[in-house]
Amino acid sequence: MSPSQRNGAKCEVLFTVNGHTKQVLAYPMERLLDVLRNELGLTGTKEGCGEGECGSCSVLLDGMLVNSCLVPIGQAKGASIVTIEGLSTHALMNPVREAFLECGGAQCGICTPGMILAAVHLLEKKPEPALADIREGLAGNLCRCTGYMQIFEAVASAARRRVAK
Amino acid sequence: MQERQIVGASVPRKEGWDKVTGAARYVDDMVLPGMLYGATVRSNVARGNIRKISFDSALSWKDFVVVTAKDIPGKNCISLILDDQPCLASETVNHPEEPILLLAHADRHKLQKAVDAVSIEYEPLPSVHTIEDSERQSTIIWGGDNTFKTYLVEKGDVDAVWKEAALIVEGEYFTGAQEQLYIENNGVIATYNAANGVTVWGSLQCPYYVHKALMTLCGLPEDKVRVVQMETGGAFGGKEEYPSMIAGHAALLSIKSGQPVKIVYDRMEDMVATTKRHPSRTRHRTAVDKDGKILGGEIEFTIDGGAYATLSSVVLSRGTIHAGGPYYWPSVRIRTKAVATNTPPHGAFRGFGAPQSLFAMERHMDRIAQVVGISPVEVRRRNFLKPGQTTTTQQVIREEIDLSHLLDRALELSDYAGKKARFAEENKAGMRKKGIGIAAFLHGAGFTGSGERYLNSLVGVEAGADGRVRVLVSSAEFGQGTNTVLCQIAAEALGLPYESVAIAQPDTTVVPNSGPTVASRTAMIVGKLVQSAAQGIKQTLTKTGLLGDAYTPEDFRAACQEYIAARSELKAYARYEAPGDVYWDDEKYRGEAYAAFAWAVYVAEVTVDLTTYAVTVDDFVALQEVGKVLHPLLAEGQITGGVAQAIGFALYEKVVWQNGRMINNQMTNYIMPTSVDLPLIRVFFEELGNVHGAHGAKGIGELPMDGPAPAIVNAVEDATGVRFHSIPLLPEDLFEGLRPASLEQEAPSATRGTA
Chain L
5 MSPSQRNGAK CEVLFTVNGH TKQVLAYPME RLLDVLRNEL GLTGTKEGCG
55 EGECGSCSVL LDGMLVNSCL VPIGQAKGAS IVTIEGLSTH ALMNPVREAF
105 LECGGAQCGI CTPGMILAAV HLLEKKPEPA LADIREGLAG NLCRCTGYMQ
155 IFEAVASAAR RRVAK
Chain R
3 MQERQIVGAS VPRKEGWDKV TGAARYVDDM VLPGMLYGAT VRSNVARGNI
53 RKISFDSALS WKDFVVVTAK DIPGKNCISL ILDDQPCLAS ETVNHPEEPI
103 LLLAHADRHK LQKAVDAVSI EYEPLPSVHT IEDSERQSTI IWGGDNTFKT
153 YLVEKGDVDA VWKEAALIVE GEYFTGAQEQ LYIENNGVIA TYNAANGVTV
203 WGSLQCPYYV HKALMTLCGL PEDKVRVVQM ETGGAFGGKE EYPSMIAGHA
253 ALLSIKSGQP VKIVYDRMED MVATTKRHPS RTRHRTAVDK DGKILGGEIE
303 FTIDGGAYAT LSSVVLSRGT IHAGGPYYWP SVRIRTKAVA TNTPPHGAFR
353 GFGAPQSLFA MERHMDRIAQ VVGISPVEVR RRNFLKPGQT TTTQQVIREE
403 IDLSHLLDRA LELSDYAGKK ARFAEENKAG MRKKGIGIAA FLHGAGFTGS
453 GERYLNSLVG VEAGADGRVR VLVSSAEFGQ GTNTVLCQIA AEALGLPYES
503 VAIAQPDTTV VPNSGPTVAS RTAMIVGKLV QSAAQGIKQT LTKTGLLGDA
553 YTPEDFRAAC QEYIAARSEL KAYARYEAPG DVYWDDEKYR GEAYAAFAWA
603 VYVAEVTVDL TTYAVTVDDF VALQEVGKVL HPLLAEGQIT GGVAQAIGFA
653 LYEKVVWQNG RMINNQMTNY IMPTSVDLPL IRVFFEELGN VHGAHGAKGI
703 GELPMDGPAP AIVNAVEDAT GVRFHSIPLL PEDLFEGLRP ASLEQEAPSA
753 TRGTA
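Protein chains in written order, with our numbering: chain L, 5 to 169; chain R, 3 to 757.
Read the hints as simulated data drawn from the structure, not as lab findings.
Check each hint, because a few of them may be wrong.
[Stated by the list, open to error] Short, incomplete list of chain R residues facing chain L, as computed with Cβ under 8 Å:
hint	residue
1	R15
2	G18
3	A25
4	M433
5	G481
6	A568
7	M674
Here the structure is a predicted model, which means the values were calculated and not measured.
Quick reminder that beta carbons are idealized off the backbone N, C-alpha and C, glycines included.
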C-alpha cells in the first residue's frame, strides 16, 4: 500500500534538519527517509532494505539513532534530525571520517553514512568503547563489503584520536 | 628519478572522501527533469503459456506508459552468451518473477497499485525444481536435455587406478543458493531521443556488457548507446549480468515514452527476481594408497543454472577447473554439467563456481584422512601440488609455491596443534564443543583459458596540459578499490605523485572496453595494461625530446603542456596480448587454465552449542599467497569481507525455495552476518610475485570466498564427530544431524579397494 492510499490528505510538518527549521507538505505516513531524500535533497541517507534491518538509512532523531525508513514523517514533527550531511559540523565527525578513511572502513560506501552515524552515536555515549561495545553499537548497521573488521578499527581509532586531543 | 613507493603503500581511497561525507552519487541519488518511475509486472507461475493479459478498468491507464515484448525495437533477448533469455516474456514464462510487462508513471506511489491491477492468465506447464528432477529429463524445459553445458577433463588412466588402490573413498556434497546482498539494490536511469539514442546510468560492474545488450535489444548502432556507471553500492558478481536486464527495461520505457525513466528495485524485488549463487552437487570417488596419497579419482560436479543459460557455462568452467583443489592428481576424470530448472537464472557471485567445488574437495580431504587414519593436516601435506607438477588440466605449476610451508605457517598462526589437544580434553564435558578445521585451496586469476584473448581488452591513459593524468578503463569501482589501485599503478609507472592521477568515471563514450570487472582480473590484467599505457605516455614524451630520463612532476607538466599545445591531446593505449607460451585446448579442456593462481590455507575455530545448536566461529586465520600486495589495507579488506560472506554461506544464509521462487526475500529472514556474529578475522599474506600481473600482482577478490565454508564445516565435524555434507548448515540442520537416530543411520562411505 502506498503512503497516499494510507492517509488521505497531506499535512504540514515542521521540524529541524541539521540545525535548520524545515517545513514540508507530506502524507503523515510518508517515510522520513523519503522526505529527507526527495523533498530536502539530502541523499546521503541511503535505502538498503526498507524494513529497518540494514541501518543504511540511519539518522539521529533527538539524539537517538533511528532507521529513517521506519519513521513516519508525522512522528518527526517538532523533532531535531541530524543526517550525514549535518554531521559536518559535529565535533566527532572529523576524527570519525578520518579514521574511516585511514582504516579502510568504507568500501562500496553505501552503508557508510549510516555506519558513521552509528559510530558517532556510540562515541557520544561511550567515548572509550571496548571492542564489545563497538560490535554492539554497530549491530544495527549491515556492511556486506568489509566483514566489519576495518570498521571496528576505525571506530576504535576515532576514539583514540579524540582522547589524544 | 627518486625511488617511488606508491605501489605497495596504503594510499587514500580515491573516492573515499565522497563516501564518508555522504556526497558520493549512486543512481538513486540522481533525478532528471521529467523523469518517470518504472515498475515490472512479473510472472507468478514457475512455467506456463501466457493466455491473456488484462488491465483492471478501474484504473486510468492513459497516465501510464505500458511496454510489452511487442514494443521491443530490436531482438527480444538479453545478449550475453547464448542469447536465450528474453527481456520480456511474450508467450511462455520459464520461472517465477520472469518480467512480462513494464509500467512507468511520474508518481512512483501509483506504480504498485498499477502492477497489482494487471492480471495475467496462464496455461500452467509442468516445472522442474531440483538438479535431480532436471537430470531425470521426464520434463524437458530447456533445449533437448535440460543441459546448458558439460565439460570433461581427463588426465591419465583413471580406470586403471581402482585396482591399485588401498582404499576408495566416496562422498557427496551440496551447497545452496546464496544471495549477493549488496546493500544498494539494482537500479538504473535511462533516457532516449532519436538523435543520441539510449543513455543509461546505473549500478553495474560491466559497462560494455550492458552496452552490447542494449544494442541488440534496441536495434541501435554502437554510437547510439551510452552506458555510464554510477557509484555502485556493492556488487559481488550480482551486478555482472543482471544490469543488462534492468537497463533494457528502463530503456524500453524511455523509448516508448520519450522521457527519462528510473527503475530502482526495492529489497524484496531485488532478492526475489535477480541472480544468486548456483546451488551445486559434487560427487567424489577417490583412489588412495595406504598412506593417503591420491592415486586418481572421479569427480562429478553439477550446478543448477535456473531457467536460462546466462553465465552458467562460465561458472561451470571455473568450478570444473577448481574441483581438484591444490592437489596433485596422477589421474582424474572430472565430469561436470549445468542443468536447467524453473527458477530465476543463477548467476555470478564472487568465486563463480569455485566455492562450490572447493567446498566438496576440502570436505572430502578430511574424509580421506579419516578413512586412511591420518590427520587432516597430513593428508593435505602428502597431496599438495608442487612446482613442476601438473594440475587436473595438465597446467604445469611454474611458480615456486610451497604449500607445505603455507600450511605450517597457518597452523602456527592459529595455534592449531595446541588447540586441537586442548579441545580434545575440554570437549569431554559440557554442552559447548570446540573444534578446529582447515581448508587449503587455490583461485585462478583472470578469465579462464583463452578467455582473456577473446576479451582483447583495451586500456587508455591520458595526460592533460596541467600534467594531471587520467586512467581510462571500463573497470568499475564497487568497493574493492579499482580506482585506487589503478591510479597507484599509473602514478608509479609515470613517476608522479598519486594525487596527480585520477580515473575517469566509466562511460562508454569516454573509456575503451577494458573488459568486465569480474574474475579477479582487474588488478592483474587491467593493472598491467594501465602500466603499459602509462609507460606509453612517458615514451611519447621522451621520444619527442620533451622529457628526459630523469624528471620531476614539474618537468612532466611542462612536457605535457608543450606536447598538447602542438598536438591537442596526449593519450596512450595498451591492448592485451596473450603470453606466447600459454597453451589452452577448449575442446579437451586441457592446458594453462589461468595465467596465475593465488594460494591459501585458512583455519577456522568454532564452538558448537549442543543446547541451542548454534555454531559460532571463534577465531579465523586467513593466510594467502597473492603475488605482490599492491595496497595492503585494501587487500586486507578484500579478505575480511570475503571471509565474512563465506561465513554467511556456511552458517547463516539460506534461500528458501517454493516452486522455484525465493520465499524469504527479505533481510529479516535471509540472515547475513552482523557485527556481533563474526570472529576476529586475522589476515596474513605471503608474496611470491607473478610475471603476468602489474608489479607481480595476482587476483585477490574471489579467493577468500572459497575456503571458509569447508574450514568451518571441518571444524564442526572436529567438534561433534558428525559429518555434514551440505551448506548452509543452520541450527536446525545440526539438530537433525546430531540426533541419535540420524547418527545410527550414518552409513560408511569408504570401501576397501579390490585387488
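Hints versus structure:
{"no.": "1", "hint": "R15", "in the structure": "7 Å, holds"}
{"no.": "2", "hint": "G18", "in the structure": "5 Å, holds"}
{"no.": "3", "hint": "A25", "in the structure": "7 Å, holds"}
{"no.": "4", "hint": "M433", "in the structure": "23 Å, violated"}
{"no.": "5", "hint": "G481", "in the structure": "3 Å, holds"}
{"no.": "6", "hint": "A568", "in the structure": "40 Å, violated"}
{"no.": "7", "hint": "M674", "in the structure": "6 Å, holds"}
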